[in-house]
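Starting from the known structure of chain A, fit chain B onto it as the hints suggest.
Residue numbers (our numbering), protein chains in the order written: chain A, 1 to 116; chain B, 1 to 116.
Mixed in with the good hints there might be a few duds.
Given that identical chains are not distinguished, each listed pair holds provided it fits within a single copy or across any two copies.
[Claimed, not checked] Subject to a maximum C-alpha distance of 16 Å in a straight line, what follows is the list of computed EDC-like cross-link-like pairs (lysine to aspartate or glutamate):
{"no.": "1", "residue 1": "K21", "residue 2": "E58"}
{"no.": "2", "residue 1": "K47", "residue 2": "D4"}
{"no.": "3", "residue 1": "K61", "residue 2": "D27"}
{"no.": "4", "residue 1": "K39", "residue 2": "E58"}
{"no.": "5", "residue 1": "K111", "residue 2": "D93"}
{"no.": "6", "residue 1": "K47", "residue 2": "D26"}
{"no.": "7", "residue 1": "K11", "residue 2": "D93"}
{"no.": "8", "residue 1": "K47", "residue 2": "D93"}
Just so you know, these hints were derived from the structure itself, not from any lab.
Number of protein chains: 2
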Amino acid sequence: MTTDSDTIFGKIIRGEAPAEKVFEDDDLIAIRDINPLAKVHLLVIPKTFIRDISQANESHKELLGKMMLVGAQLARDEGIENGGYRLTFNCGDDAGLLVPHLHLHVIGGQKLGAPA
Amino acid sequence: MTTDSDTIFGKIIRGEAPAEKVFEDDDLIAIRDINPLAKVHLLVIPKTFIRDISQANESHKELLGKMMLVGAQLARDEGIENGGYRLTFNCGDDAGLLVPHLHLHVIGGQKLGAPA
Numbered sequence: 001m002t003t004d005s006d007t008i009f010g011k012i013i014r015g016e017a018p019a020e021k022v023f024e025d026d027d028l029i030a031i032r033d034i035n036p037l038a039k040v041h042l043l044v045i046p047k048t049f050i051r052d053i054s055q056a057n058e059s060h061k062e063l064l065g066k067m068m069l070v071g072a073q074l075a076r077d078e079g080i081e082n083g084g085y086r087l088t089f090n091c092g093d094d095a096g097l098l099v100p101h102l103h104l105h106v107i108g109g110q111k112l113g114a115p116a
Numbered sequence: 001m002t003t004d005s006d007t008i009f010g011k012i013i014r015g016e017a018p019a020e021k022v023f024e025d026d027d028l029i030a031i032r033d034i035n036p037l038a039k040v041h042l043l044v045i046p047k048t049f050i051r052d053i054s055q056a057n058e059s060h061k062e063l064l065g066k067m068m069l070v071g072a073q074l075a076r077d078e079g080i081e082n083g084g085y086r087l088t089f090n091c092g093d094d095a096g097l098l099v100p101h102l103h104l105h106v107i108g109g110q111k112l113g114a115p116a
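Bound conformation, chain A alone (with noise of 0.2 Å):
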């Protein structure tokens, strides 16, 4: 599957722009972040484009469901399972919402600040 979306997370998804993957199958691309918050951050992204959270329905449940399920995936193969993680989808500008292509952060390895 490959998406229209007009964004940087488009043109990773298309193979058109760089980015280091760490899991890949025909839903969901995950990726480092390249600006991280955090010893470990990484961004679950489906291969379907949804601008952000507040555009999902119902068609979307299962592959909200799987962000969450790869997230916790992820964050036991990077060792920060036992010690922690967060999982945070931003909307819109007051969450600081930067890029309008759906995305899952997984941020931990660290002790983190409260989560707004």
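Below, chain B alone, put in the same frame as chain A:
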């Protein structure tokens, strides 16, 4: 469905402890956080007991997706969709997990800090 969760969330689900509920169906409840980190701070909680996101498995995929969709709907209902909001699972000490019963934070209504 009830839960055998021996946490404050278990007590709230069973009606043994008070909370300001903003949503309830067969699978989930949502309440206002009693120590809000922002103007809007809700928690979406599955009635079935899952300790945290690291304990979720394939059988929970739809439930996790539903938690995201309900979180996004509640943000819409609270009038914070346009400004923006954050949906967050914390897992473990590094992320500041306090109650060992899975819960999704819905946080917004004001400019938020970094998610780490």
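Exercise. Where does the structure disagree with the numbered hints, that is, which hint numbers, in rising order?
Worked result: 1, 4, 7 and 8
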